[in-house]
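Student: So the chains spell out like this:
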Amino acid sequence: MLKEPIKVTINGAEIEAEKGAVLIDVCRDNAENIPSFCYYKDLAPQASCRMCLVRIDKMPKLQTSCTIKVTDGMVVTTQSPEIEKAQRSMGEFLLTNHPLDCPVCDRGGECELQEVIFDWGDVEERFKEEKNKAPEKYLSPIVANDPQRCILCKRCTRVCDEWMGEDAIEAGNRGANTVIGTYGGWLNCSQCGNCIEVCPTGTLLDGVYRHATRPWELDQTITTDVYSSDGMQLSIGSRAGEVHRIVARDRYVNGLNGEFLDVKARFAHEFINHPDRIKTPLIRYSKGGKLIPATWDAAIKYVAHKLSAYGSETAVVASPRLTNESIAALGFFARDAVKTEKVGVADRQSMAAFFENLSSPLATHKDIRYASTIVLIGGDPEEEQTYTAKQIRQAVRNGGAKLIVVNETPIRLTTKASIFIHANHGSVDAFALTVLDASNDSFAAEKLGVDAGLLGDVRDAVFETKGDVIIVCGSDLSSDAQAVIAATAGSLAGDGRRVLLHPLPLYNNSVGAIDILGGGSERDALRSAKAAYVVGSLQDASLLAGKEFVVVQELFETETTVHADVVFPAASFAEVDGTFTNNAGNVQRVRKAIEPLNQSKPDWMITRAIAAEIGVDLGFEPSATSAFKAVADAVPAYEGLRYPALKDESSPVQAKYEIASRDVSGAVDSLRRSVDAIQPADKINETPKVGHKLHRLTTMTSKTPQFHLLANGNPKPDNLLVSPLVQIEPSGAKREMAAAVGVGDRE
Amino acid sequence: MVFVENGHRLSVYRDHGGYKSLQKAVGMAPADVIEEVKASALRGRGGAGFPTGMKWSFVPKDSPKAKYVVCNADESEPGSFKDRYLMERDPHALIEGMTIAGWALGSNTGYVYGRGEYRYLLDIMDVAIAEAREAGMLGKNIFGSGFDYDLHTHTGAGAYICGEETALLSSLEGYRGHPRMKPPFPAVEGLYASPTVVNNVETFTSVPQIIEMGGIAWRDLGTEKSGGTKLWSISGHVKKPGVYELPMGYADMEKFIMEDCGGMLRDDKKLKAVIPGGSSVYVMNAGQIIGQNVTLDYEGLVAAGSSLGTGGMIVMDETVDIVESTKNLSEFYKHESCGWCTPCREGTDWLVKIFDRITSGGGRPEDVQLMLDIADNIEGKSFCPLGDAAAWPVQSAIKQFPDDFKKWIVNGAASNGHVVEANM
Ligand SMILES: Cc1cc2nc3c(=O)[nH]c(=O)nc-3n(C[C@H](O)[C@H](O)[C@H](O)COP(=O)(O)O)c2cc1C
Ligand code: SF4
Ligand code: SF4
Ligand code: FES
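Residue numbers (this note's numbering), protein chains in the order written: chain A, 5 to 751; chain B, 192 to 615.
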């Protein structure tokens with residue numbers, strides 16, 4: 005429904021449009037295509053490519069439709085010989101210095117410039133002069149750059165500035181010598197690759213994918229990110245059983261994150277086809293011996309036999325990276341096959357206490373983007389929940405939202421904050437006491453090491469808010485603090501003000517794991533167990549020391565498999581169907597892009613097979629639909645959800661958590677005691693480097709070679725050239741190497 | 192134009208009535224000052240000729256934001272050097288004009304933005320500003336009126352585009368010198384997104400005279416539509432190049448070149464072409480001037496087929512090859528294109544490549560038509576007026592001097608062994 009409909013005439017047809025909408029959007033919504041390059045809905049208008057020229061009655065000259073807001077009675081022509089000449093001339097200009105060798109360009113087939121020109125068909129080449137040249141080079145281990153293909157639409161520099169807040173790339177030089185460059189000649193940023201994503205041409209290129217395949221040879225599979233709890237939607241490009249790249253390009257995906265991804269989601273996918281993947285089931289026949297390949301049949305029988313013997317002395321632990329289906333299968337296994345209560349989740353910082361005490365609904369990512377006030381307590385979303393961070397930044401920058409940061413570390417987002425409560429090291433929990441109760445202010449302020457007045461300012465800011473207040477809660481807060489925050493949020497609402505909660509768990513399916521298995525930790529589960537059935541790896545593998553029998557399902561040999569008696573090869577997220585639940589409670593699909601590699605199998609299938617061998621039916625058929633139905637039937641918040649209903653990634657379905665007013669006096673008391681025990685500590689004054697968590701080498705990220713460079717300080721190499729232009733003399737002697745062009749080098 | 196010896200010194204300036212206008216202005220209501228400027232029919236001397244009083248009246252009086260007065264001293268237009276003279280010899284007139292503007296607009300801060308090469312002029316300005324501040328003409332409570340106003344100078348890095356008012360503001364704020372989208376216009380959202388008036392040096396220096404004489408009287412020095420007097424920078428093939436002050440409507444252009452400026456540099460060489468308003472206007476051939484009674488004002492030059500621009504008049508005799516002189520200008524625009532928008536960035540590069548080819552003997556019959564088409568594809572389609580300014584010299588040169596182009600193309604093609612039918 006249009007809020008303020010007005011009448012606009014486009015090419016003679018009168019249509020209704022929303023007052024103030026951008027003309028180019030209105031035209032496109034009404035099937036009048038207008039070519040454009042620099043226009044990008046989510047970014048500040050640029051109006052530099054001049055492709056979108058149209059004629060508007062009563063205005064001199066052609067106008068750029070990407071900058072015009074429609075007004076009532078506006079009469080627009082988008083097609084006429086004059087307009088076609090103008091648009092074609094822009095295409096011609098853009099091609100003057102652009103190489104005409106699409107077949108060797110990595111974007112060939114996906115390039116917006118190519119599309120526009122091909123749509124016209126008969127383009128005469130009148131430019132017969134020499135083209136300006138510059139060699140291809142690297143801007144970072146991950147971003148390759150072919151400057152000759154740049155059309156200077158500056159989408160890249162705008163996403164870097166507006167989405168990422170990094171401003172790591174900018175144009176240098178001027179006129180036809182303008183190039184997109186970096187400060188100091190090397191890109192030191194989080195390496196999100198969003199500049200690559202939004203680049204309409206083959207100028208900024210995925211350095212992990214470069215020249216691996218032609219884009220049209222890839223099968224595109226829309227699925228959910230396996231790293232962050234934001235649940236970003238992405239498209240896996242695979243060919244013949246191999247994953248080659250990941251993009252969010254919205255021509256394939258239209259998920260909650262648009263074209264946004266981060267460095268891990270986009271580039272850390274090399275683990276999937278990595279040669280170190282565990283290929284067959286492995287059995288360690290005697291403690292201290294080696295893991296020896298075994299048949300599936302033998303391994304399943306062996307494990308079934310042992311676990312049924314240990315029965316309730318078995319601990320069952322799920323990684324928060326698994327699909328809901330795999331986690332649920334484990335839950336059913338624990339309940340029905342070994343009848344154990346020892347169930348835990350291998351999360352580093354569980355947010356179960358938060359979810360158990362919800363007094364307000366969860367915010368969607370869109371809610372965050374349009375919030376009026378955001379209170380970020382703990383956490384470091386720029387390193388851990390990158391999409392949430394982007395929404396916060398844009399809410400502040402584009403929406404004028406007020407950001408309040410409460411943290412022990414001056415995280416980068418503090419530069420966007422209007423209030424920063426810089427808590428003493430180890431004291432951030434104390435803030436939870438003051439969210440509602442002013443009488444705790446002086447006590448909390450002393451522990452936090454801040455002025456008590458600031459705590460009142462935060463409450464004032466919340467109560468003065470007219471729109472939405474989002475309370476974002478980090479997983480670094482203690483369970484008591486999480487419980488208190490989740491439980492008090494509801495009472496802050498009123499006066500037409502919504503208060504929404506947004507947790508910051510660490511893993512892609514931390515939330516699903518809580519929903520299904522509850523808040524048990526790996527430590528509690530394993531404490532008195534004799535046997536362990538671990539799917540994924542533990543946070544602390546030493547907990548397995550001394551266990552009599554350990555079964556592990558993994559992709560790779562890890563510290564956890566060191567303790568295993570049996571290891572099953574698990575399929576990665578790219579090889580399975582299922583669902584993950586993100587930090588907004590969106591239950592989203594995970595889709596199989598390639599068949600399970602080697603002999604690996606989806607975790608829930610393995611669990612189901614062990615149970616079947618024990619003689620227990622876990623209650624679902626071996627299909628993702630059936631497995632999800634079993635999940636939905638078991639989790640109250642998922643009640644009524646069905647697998648096919650989750651298929652449209654553009655309208656994610658939110659789980660229905662029970663929202664109630666909670667009595668958390670127990671948690672408050674215990675929180676007060678623990679806060680009271682906080683010893684005075686200094687403040688951390690240093691803002692950590694961009695990427696300090698994102699670039700960390702883990703079992704998964706370490707398989708992408710470029711991460712090793714990033715994790716080691718991203719040093720600038722001596723030679724940035726992608727393919728050094730070494731020319732061979734007929735005599736065989738080497739010629740001089742061409743030098744890469746940096747900003748300021750040309751002219 | 193006559194300058195007073197040591198006119199850059201405050202004492203000399205005051206001896207000649209300097210700062211009396213400021214004293215008078217701060218005794219007037221700000222709105223009345225704007226009315227005087229409106230009545231004077233003063234049009235901006237930076238090239239676009241926008242009525243100054245009207246521009247001032249666009250500044251929202253009730254805006255709670257700070258307001259800024261910015262002097263455009265970038266003067267990068269080829270052929271124009273009048274602002275340089277003014278700042279060198281009459282810096283206090285600029286200070287006084289800007290301060291009056293500050294009073295009229297409710298501003299307390301002004302900036303003089305000069306091109307990188309004008310550092311030495313801004314040094315002169317800095318001395319003058321310090322003198323004025325010392326004497327209470329700047330700073331707190333000017334002439335006891337309660338009005339506070341101060342001036343600062345700033346140099347760019349030497350880019351023509353930074354003379355375009357919005358690019359100037361970007362540069363002044365410390366960003367890349369790119370023009371910004373209009374609207375919003377600077378009067379509403381300019382420097383630091385606050386209401387800002389940007390005027391040329393000569394525009395500001397006219398203001399004290401207007402206040403002194405009264406708007407109508409000043410207007411009547413010139414014509415009804417083009418009020419007052421105007422500085423002309425004359426260069427090229429005349430005996431007496433320099434800066435001349437003429438009343439608007441001066442008759443006529445031929446007399447000015449042939450008599451006032453001493454006539455052609457070499458008596459045996461005939462006038463061939465004049466660019467009357469700085470490089471960004473149409474070039475005129477002698478036939479458009481000789482015996483045509485072209486008056487020197489906005490309307491007269493438009494009627495004659497060009498425009499007044501900044502009044503930077505470049506006179507060329509018959510020894511000049513217009514292909515080469517236009518190539519020179521095209522190189523300037525290519526070099527100065529900021530690179531923001533497609534048509535100007537790529538079009539100027541393409542034009543220069545064609546000029547290079549033509550002047551190295553590789554001209555082709557289709558080149559002239561191609562150049563006209565490129566210019567047409569730039570004109571009116573660029574992000575800022577620099578694109579238009581790059582197109583006009585080429586369009587007018589081809590139109591007014593077809594033979595020069597024909598000569599190059601026929602000879603060039605012939606030397607390549609082609610048979611040419613020049614039908615242009
Ligand atoms: C490419 C370009 C360069 C310009 N350079 C100058 C300049 O050097 N000095 C100047 O006063 N105005 C220059 N202008 C005009 C300014 O944009 C603006 O119109 C002027 O400063 C307004 O002052 P005025 O109204 O007093 O003329 C330039 C405009 C363009 C498009
Ligand atoms: S690199 Fe790509 S996104 Fe950036 S300006 Fe060039 S074409 Fe546009
Ligand atoms: S016309 Fe375009 S490229 Fe040229 S100077 Fe203006 S904005 Fe820059
Ligand atoms: S899309 Fe409008 S100018 Fe680029």
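If you are wondering where the hints come from, they were derived from the structure by calculation, not from laboratory data. Owing to the predicted nature of the structure, the values given are computational and were not obtained by experimental measurement. Glycine is no exception: its CB is placed at the ideal position from the N, C-alpha and C atoms. Check each hint, because a few of them may be wrong.
For lysine-lysine, the following DSS-like pairs were computed, each having C-alpha atoms within a straight-line distance of at most 30 Å [said to hold, decoys possible]:
#: 1; chain 1: A; residue 1: LYS23; chain 2: B; residue 2: LYS229
#: 2; chain 1: A; residue 1: LYS62; chain 2: B; residue 2: LYS256
#: 3; chain 1: B; residue 1: LYS256; chain 2: A; residue 2: LYS551
#: 4; chain 1: A; residue 1: LYS294; chain 2: A; residue 2: LYS370
#: 5; chain 1: A; residue 1: LYS406; chain 2: B; residue 2: LYS373
Listed below are several chain B residues computed to face chain A (Cβ distance under 10 Å; list not exhaustive) [what the hints assert, rightly or not]:
#: 6; residue: SER254
#: 7; residue: TYR311
#: 8; residue: SER336
#: 9; residue: MET372
#: 10; residue: PHE376
#: 11; residue: PRO432
#: 12; residue: GLY454
#: 13; residue: TRP531
#: 14; residue: ARG536
#: 15; residue: ILE545
#: 16; residue: LEU561
#: 17; residue: ILE565
#: 18; residue: ILE569
Student: Taking the hints in turn, state whether each one holds.
Tutor: Verification of the supplied hints:
no. : hint                : result
1   : A/LYS23 x B/LYS229  : violated (36 Å)
2   : A/LYS62 x B/LYS256  : violated (33 Å)
3   : B/LYS256 x A/LYS551 : violated (71 Å)
4   : A/LYS294 x A/LYS370 : violated (51 Å)
5   : A/LYS406 x B/LYS373 : holds (29 Å)
6   : SER254              : violated (18 Å)
7   : TYR311              : violated (24 Å)
8   : SER336              : violated (38 Å)
9   : MET372              : holds (6 Å)
10  : PHE376              : violated (14 Å)
11  : PRO432              : violated (30 Å)
12  : GLY454              : violated (39 Å)
13  : TRP531              : holds (5 Å)
14  : ARG536              : holds (6 Å)
15  : ILE545              : holds (7 Å)
16  : LEU561              : holds (6 Å)
17  : ILE565              : holds (8 Å)
18  : ILE569              : holds (9 Å)
The structure fails to meet hints 1, 2, 3, 4, 6, 7, 8, 10, 11, 12 from the earlier list, while all remaining hints are met.
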